[in-house]
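Peer 1: Sequence:
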Amino acid sequence: MIRVLLADDQALVRGAFALLIASAADMRVVGEAATGREAVTLARTERADVVVMDIRMPDLDGIAATAEIAADENLAGVRVLVLTTYDTDDNVLAALRAGASGFLIKDTKPAALLDAIRTIAAGEALLSPSATAAVITRVRTLPDPAPRPSISTLTDRELDVLILIARGLTNAEIAESLVLSPLTVKTHVSRILAKLLARDRVQLVIAAYEAGLVTPAP
Numbered sequence: 002m003i004r005v006l007l008a009d010d011q012a013l014v015r016g017a018f019a020l021l022i023a024s025a026a027d028m029r030v031v032g033e034a035a036t037g038r039e040a041v042t043l044a045r046t047e048r049a050d051v052v053v054m055d056i057r058m059p060d061l062d063g064i065a066a067t068a069e070i071a072a073d074e075n076l077a078g079v080r081v082l083v084l085t086t087y088d089t090d091d092n093v094l095a096a097l098r099a100g101a102s103g104f105l106i107k108d109t110k111p112a113a114l115l116d117a118i119r120t121i122a123a124g125e126a127l128l129s130p131s132a133t134a135a136v137i138t139r140v141r142t143l144p145d146p147a148p149r150p151s152i153s154t155l156t157d158r159e160l161d162v163l164i165l166i167a168r169g170l171t172n173a174e175i176a177e178s179l180v181l182s183p184l185t186v187k188t189h190v191s192r193i194l195a196k197l198l199a200r201d202r203v204q205l206v207i208a209a210y211e212a213g214l215v216t217p218a219p
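2 is the number of the first residue of the sequence shown in the numbering used here; add one for each residue after it.
Treat the hints as calculated values from the structure; they're not laboratory data. We treat Cβ as the ideally placed atom computed from N, Cα and C, and that holds for glycine. Incorrect hints may appear among the rest.
Quick list of simulated restraints, FRET-style, between CB atoms [what the hints assert, rightly or not]:
#1 Q11 <-> S153: 42 to 50 Å
#2 T185 <-> V14: 21 to 29 Å
#3 R158 <-> P59: 45 to 53 Å
#4 R158 <-> L198: 34 to 42 Å
#5 T46 <-> T156: 41 to 49 Å
#6 R29 <-> P59: 20 to 28 Å
#7 T46 <-> L184: 14 to 22 Å
#8 Q11 <-> R192: 39 to 47 Å
#9 D157 <-> A123: 25 to 33 Å
#10 L160 <-> R29: 22 to 30 Å
#11 D60 <-> L160: 37 to 45 Å
#12 D27 <-> D157: 36 to 44 Å
#13 L21 <-> A173: 22 to 30 Å
Model the full structure from these sequences, guided by the hints.
Peer 2: Right under this line is the structure:
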């Protein structure tokens, strides 16, 4: 059972999301927060697996709240799924660097939101690869407050895996593409995360784009 915390300053939005999540047999809402500060507090007390976090909130915005959750060692297993208007909200870039495990456009289809929560909870594939490519185009123009180790530390095979991660492939898809076992791919991913001091696959995607290993589709 996936434990979900909803953080949005609009009660109507939280209510709609709560009803949607209640319709899924494999997840349930364990708390609702109207401010960023409440989101951090509830993340600590309710032990959610996934926090669905709006960016624009009073008291403490979603970016700052995400950073607090990601920096808390006691919340190491908590994943943050940031909701954004995408086309107009560049703050999602800061949210990714703050430790968010993914992002989703707010007007997404209900089924896609449920799938996104499952994906984030599993620590598996990056959400919305096409949208990610456009966002990474912008992030590459910004200074990185915490530069990662050089990708030169990666082996050729690890570079192959990193490129496919950046293209949004799951471990199973990477295994099929490179003719490897899923366990071998999982091992490669773990080593890449360790070498680049990355928290999750989102940060690996950012690293791949910043290094020029992949470029956004036109």
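Peer 1: Could you run down the list of hints and mark each one as holding or not?
Peer 2: These are the hints, each one checked on the structure:
Separation of Q11 from S153 is about 46 Å and conforms to the stated range, judged on CB atoms against 42 to 50 Å. Here the CB-CB span from T185 to V14 is close to 42 Å, at odds with the stated 21 to 29 Å. As the Cβ distance of R158 to P59 is approximately 47 Å, the hint placing it in 45 to 53 Å holds. The hinted window of 34 to 42 Å between R158 and L198 is violated, with their beta carbons roughly 20 Å apart.
At roughly 43 Å, the beta-carbon separation of T46 and T156 lies within the given 41 to 49 Å, and the hint holds. With their beta carbons about 26 Å apart, R29 and P59 fall inside the hinted range of 20 to 28 Å. At roughly 36 Å, the beta-carbon separation of T46 and L184 lies outside the given 14 to 22 Å, and the hint is violated. A C-beta distance of roughly 42 Å is found between Q11 and R192, which places it inside the suggested range of 39 to 47 Å.
Distance hint for D157 and A123: a CB-CB separation of about 28 Å, consistent with the stated range 25 to 33 Å. Checked against the hint of 22 to 30 Å, the pair L160 and R29 fails, with Cβ atoms roughly 40 Å apart. Checking the proposed 37 to 45 Å range against D60 and L160 shows it holds: the Cβ atoms sit about 43 Å from each other. Look at D27 against D157: about 38 Å separates their beta carbons, and that is inside 36 to 44 Å.
Range check, L21 to A173: about 27 Å between beta-carbon atoms, so the 22 to 30 Å window is met.
The structure does not agree with the numbered hints 2, 4, 7, 10 stated previously, though it agrees with the rest.
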